[in-house]
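So the protein lines, in turn, are chains P and G. Per full-length UniProt numbering, residue 1 is the first one in the first sequence, and the count goes up by one each step. Per full-length UniProt numbering, residue 1 is the first one in the second sequence, and the count goes up by one each step.
Since the hints were derived computationally from the structure, they do not count as laboratory data. A few of these clues could be false.
What the hints assert, rightly or not - Distance ranges between label pairs, derived from CB positions:
1. S67/G <-> V178/P: 23 to 33 Å
2. S589/G <-> L439/P: 17 to 27 Å
3. A474/G <-> I471/P: 52 to 62 Å
From a predicted model like this one, the values you see are computed outputs, not experimental measurements. Using N, Cα and C, we set each Cβ at its ideal position, and we do this for glycine too.
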Amino acid sequence: MITTLTWSDSWYLAPEIVLAAFTIALAVLDLALPRRVGRDVIGWGALVGLVLAGVFVCWHIHDLNVWKDAGKDAFRNVLGGSWRVDNFGNLLKLAFLGATALIVLASLGTVRDREVPIKGEFYYLILPAVIGAMAMSSSGDMLTMYVGMELLSITTYVLVAVRKKSGQSAEAAFKYVVTGGTASAFVLYGMSFLYGVTGTTHLASIGQALPGALADYRAMIYVAFFLMIVGFALKLALAPFHAWAPDVYQGAPTPVTAFLAVVAKGAAMAMVYRIFLNTAQFATGDDSQVRDDLFLALGVLAAAAMIVGIAGALKQQNAKRLLALSGVANAGILLVPLSLDLTNLHSSLFSEFVYYLAAYVLMNIGALAVLTLVSRSSGHEQLSAFAGLYHRAPWTAAAMTALLCSLAGLPITAGFYGKLYILFATVQTGEYWLAAILLGTTVVSYYVYFSFIRQMYMRGGENEPSVRMTIPTGVVIWVCAAGSVALGIFPKPVLDWVDGLFSLTTDFLAR
Amino acid sequence: MATVFSQYAWLVPAFPLAAFAVLTAMGRQQNRTGGWIATIASLASFVVALLILIERMSGNADDYNGSFDWLRVGGTQLTAGYEVTNLTSLMMAIVTFVSLLVNLYSIGYMKGDDRAAVFFAYVSLFVSSMLGLTLSDNLLIMYVCWELVGVCSFLLIGFWFQKPEARAAAKKAFIVTRIGDLGLLIAILLLFWYMPGHALDFSSLHNVFGTQSGLISTSLTTLIALLIFLGAAGKSGQFPLHVWLPDAMEGPTPISALIHAATMVAAGVFLVVRTFDIFAAAPAAMDTVAIVGAFTAIFAATIGLAQNDIKRVLAFSTVSQLGYMMLALGVGSTTAAMFHLFTHAFFKALLFLAAGSVIHAVHTQDIREMGGLGRRMKTTAWTFGIGALALSGIPPLSGFWSKDAILGAALDDRPWLFVVGAVAAFFTALYMARLFLLVFAGKPRGSAEAYAHAKESPAVMTVPLVVLAVLAVAAGFVMTPFQDWLGPWLSGGGEKEDANGVAIVVSIVVSLLGIGLGWLIYGGRGAVRPDVVSSRLPWLARLLERKYYVDELYDLLFVKSLGRLGQGLRFFDEVVVDGAVRLAGSAVSALGRANTRLQNGQVQTYGLVAIIAAVILVLAIAGRRFW
Numbered sequence: 001m002i003t004t005l006t007w008s009d010s011w012y013l014a015p016e017i018v019l020a021a022f023t024i025a026l027a028v029l030d031l032a033l034p035r036r037v038g039r040d041v042i043g044w045g046a047l048v049g050l051v052l053a054g055v056f057v058c059w060h061i062h063d064l065n066v067w068k069d070a071g072k073d074a075f076r077n078v079l080g081g082s083w084r085v086d087n088f089g090n091l092l093k094l095a096f097l098g099a100t101a102l103i104v105l106a107s108l109g110t111v112r113d114r115e116v117p118i119k120g121e122f123y124y125l126i127l128p129a130v131i132g133a134m135a136m137s138s139s140g141d142m143l144t145m146y147v148g149m150e151l152l153s154i155t156t157y158v159l160v161a162v163r164k165k166s167g168q169s170a171e172a173a174f175k176y177v178v179t180g181g182t183a184s185a186f187v188l189y190g191m192s193f194l195y196g197v198t199g200t201t202h203l204a205s206i207g208q209a210l211p212g213a214l215a216d217y218r219a220m221i222y223v224a225f226f227l228m229i230v231g232f233a234l235k236l237a238l239a240p241f242h243a244w245a246p247d248v249y250q251g252a253p254t255p256v257t258a259f260l261a262v263v264a265k266g267a268a269m270a271m272v273y274r275i276f277l278n279t280a281q282f283a284t285g286d287d288s289q290v291r292d293d294l295f296l297a298l299g300v301l302a303a304a305a306m307i308v309g310i311a312g313a314l315k316q317q318n319a320k321r322l323l324a325l326s327g328v329a330n331a332g333i334l335l336v337p338l339s340l341d342l343t344n345l346h347s348s349l350f351s352e353f354v355y356y357l358a359a360y361v362l363m364n365i366g367a368l369a370v371l372t373l374v375s376r377s378s379g380h381e382q383l384s385a386f387a388g389l390y391h392r393a394p395w396t397a398a399a400m401t402a403l404l405c406s407l408a409g410l411p412i413t414a415g416f417y418g419k420l421y422i423l424f425a426t427v428q429t430g431e432y433w434l435a436a437i438l439l440g441t442t443v444v445s446y447y448v449y450f451s452f453i454r455q456m457y458m459r460g461g462e463n464e465p466s467v468r469m470t471i472p473t474g475v476v477i478w479v480c481a482a483g484s485v486a487l488g489i490f491p492k493p494v495l496d497w498v499d500g501l502f503s504l505t506t507d508f509l510a511r
Numbered sequence: 001m002a003t004v005f006s007q008y009a010w011l012v013p014a015f016p017l018a019a020f021a022v023l024t025a026m027g028r029q030q031n032r033t034g035g036w037i038a039t040i041a042s043l044a045s046f047v048v049a050l051l052i053l054i055e056r057m058s059g060n061a062d063d064y065n066g067s068f069d070w071l072r073v074g075g076t077q078l079t080a081g082y083e084v085t086n087l088t089s090l091m092m093a094i095v096t097f098v099s100l101l102v103n104l105y106s107i108g109y110m111k112g113d114d115r116a117a118v119f120f121a122y123v124s125l126f127v128s129s130m131l132g133l134t135l136s137d138n139l140l141i142m143y144v145c146w147e148l149v150g151v152c153s154f155l156l157i158g159f160w161f162q163k164p165e166a167r168a169a170a171k172k173a174f175i176v177t178r179i180g181d182l183g184l185l186i187a188i189l190l191l192f193w194y195m196p197g198h199a200l201d202f203s204s205l206h207n208v209f210g211t212q213s214g215l216i217s218t219s220l221t222t223l224i225a226l227l228i229f230l231g232a233a234g235k236s237g238q239f240p241l242h243v244w245l246p247d248a249m250e251g252p253t254p255i256s257a258l259i260h261a262a263t264m265v266a267a268g269v270f271l272v273v274r275t276f277d278i279f280a281a282a283p284a285a286m287d288t289v290a291i292v293g294a295f296t297a298i299f300a301a302t303i304g305l306a307q308n309d310i311k312r313v314l315a316f317s318t319v320s321q322l323g324y325m326m327l328a329l330g331v332g333s334t335t336a337a338m339f340h341l342f343t344h345a346f347f348k349a350l351l352f353l354a355a356g357s358v359i360h361a362v363h364t365q366d367i368r369e370m371g372g373l374g375r376r377m378k379t380t381a382w383t384f385g386i387g388a389l390a391l392s393g394i395p396p397l398s399g400f401w402s403k404d405a406i407l408g409a410a411l412d413d414r415p416w417l418f419v420v421g422a423v424a425a426f427f428t429a430l431y432m433a434r435l436f437l438l439v440f441a442g443k444p445r446g447s448a449e450a451y452a453h454a455k456e457s458p459a460v461m462t463v464p465l466v467v468l469a470v471l472a473v474a475a476g477f478v479m480t481p482f483q484d485w486l487g488p489w490l491s492g493g494g495e496k497e498d499a500n501g502v503a504i505v506v507s508i509v510v511s512l513l514g515i516g517l518g519w520l521i522y523g524g525r526g527a528v529r530p531d532v533v534s535s536r537l538p539w540l541a542r543l544l545e546r547k548y549y550v551d552e553l554y555d556l557l558f559v560k561s562l563g564r565l566g567q568g569l570r571f572f573d574e575v576v577v578d579g580a581v582r583l584a585g586s587a588v589s590a591l592g593r594a595n596t597r598l599q600n601g602q603v604q605t606y607g608l609v610a611i612i613a614a615v616i617l618v619l620a621i622a623g624r625r626f627w
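Chain G extracted, bound-state conformation (with noise of 0.2 Å):
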């Protein structure tokens, strides 16, 4: 099958790339029309995407591999490129999709702003390293764009930075997701360090990895495993890593939903699916990878149920809904991983998308001060409750598939772990209920002008979100228990999903339950009352409305013991290094000055330096031969 698309998989990060280069080029002038030029930017990139994504279904394509020697460092080969895979095309189209659409959006939403222009620099800038870290064709490539999009998060999250609080998140996410980035780094130095020929490749992985070859010792292989797994958890806000993602929140929407939801947090998920063979390899570090994953789903879930800012219940369940993919990872299933990060793409950048829709529209976060909106935003109510229900898991919606196809895994692997994902399940409708519920039906609480004001969105705004709420409905029907060619064309063959009644039955049930639970409590009927929890049991709400202290605990544990130790080593770095650092200043300078001394515009004193300079050299050098 020829691969005419897949050549010109370059192009797609570098359309967004130049836009990225024109829009800061021109500067600040371009607030109007640098979303436009971005969007067609990200529109190009989409339609190349897909053009590959629609050559590799429709035969059994091979695999492109486009690289060239990068550069040489002693004896060791150094190479960058692209390969197109499946896989690769897939999350490509994905990304494209998402960040068209989110491009699209956010002319709306950031009009008016004086920094526009700036902020699509960024998130072409994003795109475009996103699209790279989907391409690259080894791990040293894909680190450098893991940074890049790293990069971009923080100065997106911090865009606002005349707000404190956008300030010291975007640090946080930096900071803590840094940790997760060393593990990395040590993962691929040590990769680099034993792999024969210093091959960090994919292809060369598969070989060492996938084969059994016996050439890493297991030890070695668990070590490499839990490490990259540790800069996985760190991008996808997995748990103990995950608190940077909830305040990551105070950037615009429109990064949330593109950055925060859709695409660079699921590339800690990618980056396991891309070395899975490594996974594959240390059955403990798989181990490892389901436990985090089950217990992050349910850990992110129940706190879900106690906030009140609508960004940060979308917040945390995007780190729960993360989690079951690493869940499915840690199962031994890539496809079902693949698969919900595919559907969650959709409807959680939609979720977001008509939340962005709603506070544009109200102006606060705090879903106490809402309700009733249903009836003022009719298009955000209606896609809403859509990507709500796909994310709950009711059928026929996306989000039931794919989470079944989890859920379905998890069974057949360890049954406990279905049960945790199966409550975390139930608490994802849960929140869900009561998220919709409080911002769309009842009455308004909120001040009475504030709800006169309220109106629907533009069009530019409604339309990205009508088009993903199609995809939150459609797009599980890929892959059902029907009807499953996903599985064999995402692995090559072989792992086909087993449709489990027990899974399916069992996800409706809780999902129903979640929402019908959710439906008498904020359902406006009074048939049990909201403080139900909060009035017997207080401090188990404040447990969860405070995030089980987790952050209380790092500050206490990492922040404060650091500021003390960084104080000492100030003290240390004004003293002696400072000190250091003048003593060699001043003697270059010294040294700079005696030079002037002796430039001092007379050509005889220039003839008498240089024949006093010969002879010591002379003397230096030869003189001590004849001594």
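Here chain P stands alone, though its shape is the one from the complex (with noise of 0.2 Å):
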């Protein structure tokens, strides 16, 4: 079935639009600019792009909204049902936009000439990757996912080098093109094998054709998920298959890392819900024993990485590698609500997916953002550069404890909350060994995040240079660490509302 894109369906791709405009506008504007002027004002461009697109999205929102209330089905299937606009993927666009924009703001203050020569292309390639972040959690089908995963990946392989004269960031591109190449290979081959059972990409054909196959293909299905859920577990660098991203993180310039870190791992996992609910909820009764095979690979997955994660991150000692080991156990985090039965007691599994990347955005980016300032001025990423932190920028100090806070999961924080409602669901469900590893790494946690803390309370911090804060960066830390606390103590409103637009007969199981 062939659709053609006509002017109509193109008010539903406007947030994609309007990024795309504005890259094109801004590469232009790029080659234009006279060498002498700064390409900071291209950031801003970025952003305001990037907001821009927010807009729309929120008035997609919006419009849903108000169908609901008329009493219609609160999606819209663009391009023969290669496109969805639903809520699914509006909240997550989002999640993706509002991290983008605030780690643009974040470099605004901090990437300097010297260290990225070519700064104009670093402002406007983002906002193509952040299209595919869009496009993966807005595809109905497997193929538009897979270019926007391809879109993704690409934009951020040139992302991680573009401190052009530094060794250690070809070394980390080099890495991750590598790594990325094989995680999609892996995800093609097993959408392929599923393509071969089904007869169709499109996921909503592909989770009505599966029950049916199942006699037949049982051994091909098997292949199909594994191959794709190895693949995906490259790209969220779940434990085992983690060991590229403390190296690439570490290369990249930090408002990549932090980048990679939320969006590009947010997108990987919109990804994964999408391709999970939509097709591998099949045949229930006696012949569950697949899909509970499926699910229960996730859950392992995810523990994995809740252990292996926090474990690395235990004894070390580089900043960055620390942040990227403790985003492997944030990713494990992240899968648990999908891994769960998705039975009525457990129909919540959207919001506490959401809650936890909302609040997971805020603290990496403010942690990293804090990163940033520290390293800068005492010229490493070790842990020891933020000794004594407390007596030379005790604002900074507060925020990043407030940060901390939240990544160790402590009250009254947004992660706090977020753990807590995962960890409710998994008892809920009755899968008390993944409650257990979410508690026991947890509390190891505390004493990740706490060296953090230690560094900037209990250490002299006397022969360390003084912290320059810049207002862009300074605003995206308060920005951050604000909103990690006011996510803690006001955490139900954000529950209603994200229930109260979600909903997974519409989201997911209608056609």
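Mind docking these for me? Both chains are given alone in their own frames, and the hints should help you get the complex.
Right, here's the structure in full:
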């Protein structure tokens, strides 16, 4: 079924179109501007584009609400169902756009010409990466999704290498290309098996066809899904497929690290959620064996990621590698809601996922922004760069403390409630082993995150240079810290809002 | 009736909280201005609280409740909110007023202390939590604030942590009140479990217990009431949990006035008043409250006779007066209890602040080394005298009316409790006369040099004394047998105190007798020698001086035996628990090391690991189905 893009459809693609238009305009502007003009203007332009796209997404949410109130289905199929506008996608798009805007804003205060000679490209290449992330969360077809994933991957390969003269950056980019290519290959191979079994790439149709195909192609279906799981595990840096992440995160410029940790990971997570909820919920009853195995595999990977991520971070002395490993553990936590049995007891998986994703976005971007400032003043990225930060920059230390509390999951922060809700879900569905691992790793994580606090408050910082704060970075740090605390004090409005927007039947099961 | 100001009741605790935040953020640089920040914040709170009180007194204002959904756990909704009733508005006015004066006084008292800013930050946090406790509309939030005031009390008792006694006293206060808090916590959990809809707000409690709905059995109600009372007894220093309060006098004197006389220790009484419906539905619990209260009143009053530390005498007096309030509650008169709480807040804060003024001047707390100070410190002596007379129950000062209300209620309910109360009143008058005469009258007994240096405190300290003295005189007129509107206003109609001629006469007579005997013994005329008791019955004097050996008994019963149990547990902890922890720790670090070894920087290795892991994953999970 070939459907061409109509004029009215383009309204539903408005956020992506805006970003594409900005990318082109900014690229041209970068060419046209004389060399002596600072490239920060392109960064501000990218920021405007991100905000504008966010406005369109909000508009879509509003439209969907209007339809819902009118009794119609709150989603829209575009381009023959290969593109969907629904609230699952919209909320995640908002998260990605917000996260990217924060990252761009933070970079405006910290990225220096000496490190990144091609600053203009750095800013406008982030936009297509976001388009890719949005495509991954908003597609109804495996092919569109895959294209989105590659768009995101290839732009981020470039972004990792953007510190052109740094050997470390180049090495990181090379490793990222190789690993990313491997992951793509796994995913694509899995998808091709799925296509072979069902004869379609459309997710909803696959979901319909799979129960019937189960009898004849059991092994094929296993192979298809496990290949995809491995591919995604590589993308998400779930243990033991995570070894590339610390190397790449360390080599990349810090804003790009934040982008990889938050947006790229979130987008891959969105893709996993969409594929598994759409297609892998097949055949209950006696035939539920395959399905149970698939979700068990996800649970095992989540558990392994939590354990290995935190254990690896224990002895880590490099702050960026430490945060990379903490990201491994957090990816495991984000995967837990999906791996749980989708019964009527546990229909809140999406609000758990989005709430924790929001918490993760805030705490990770905030912590990396602080790290940027601190490492710039002391010239290295070791934990000891934080020594005596409380005495050098008390307010920044306070903000960092709030962010660390959220990372560690201490009350009253966003991280605490995020983990708490996921923990409730594991207990409700009877997955006590996951609950135990979640609790155990959380306890160990206190030690990890408190190594920052130990440095900031209990080590002298007399010989360390003072920290120079820039306004955009300061804004980002405080937005993240305040957001982490505010989400923790008022978790309910956010959860109610997400619950009110999202509906499992509309967003996944409606064709 | 419109509730204009009541809607803004949340501002009252917000001001001191803001002051706490500011003081904490600014750190120790603000030693000079910190006191003023705290004072201004409490002034703002007081103004709002006063406006609310006036609004509520001017008509039959509806109770105002502002709450929001805090969070959802499972299917249960937890709300947080505040409630303005006549009771809470009165309590709020007392707390803000006393804290305003204490803050002002502390500016003088804490001058030159290099942690003054920290002091004022703690005080502000305390005031904020105490107001939160007062305003909260449900037991859960109240419990949170209840613990917060406990923490502040701990911090402030141990404020001069260089002194080992202060450290020990802070620890003792925290641990002893904790026993009571545990009771309260269990009571809240029981209520949470058995209340319809897990409701913990006071209006639901009123609906369930106040209407005899029979939803909760009498035996369970009694258990809950007794557990709540255990919490109240811990905070309000009732026997047998009174031991922490006298030791708490190690803290700065303004703290003794604010926390350990006027506000926090009254929280126990306030808690019982707030949950009075539960008690009213459990007669056995009411008896317990009445008997414990009466016993504490007389027990502490006798100890007060033999103490030589000016603040400890006042502390035992506080314990004794709190016993009176509990007695009033036990005989069913919440109005008398709240009335006594109201007047006691003023005259006891006054006594403590005046005592602080004396200590400030002579740098000792031992009354045997004082004497004759009335000539050097006129304002302090006069105001202390007024406070002492009010406490002794001399008409027409405030303490007379409130104590009379309690004794009258006791006489109506159980006459033998009235007798106990009257005897305690006699002792009260006696020890106050002793205290006043030893400190302010007679000849100086301490070093001549100290006496020569003793001078009146600065105005910032004496002005609060005068203000409080005026109130100690006048506060009683809100409820006299001739003109009584407090009772109906507090309880919403119905309850009215009957004037009881017997109670009035007896209470005046015992007070005068007590003061008269005190004058004969300590008045310097030598009519009765001070050692009249100690020479004939040395064991009795010793018993009183050692506070009935309760501390020693606890030390023997609990501290020593628990210490031994602790040693046993420590052994278990070191060998078994620590062993397990070390094992877990080393397992995790071994995993971390293995992880690091894999992380050798070679992307080929990463790929190989991924492939091997993928094969294992597939074989382990999918493969088992095809075996």
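Which hints from the list above does the structure break, by number from lowest to highest?
1
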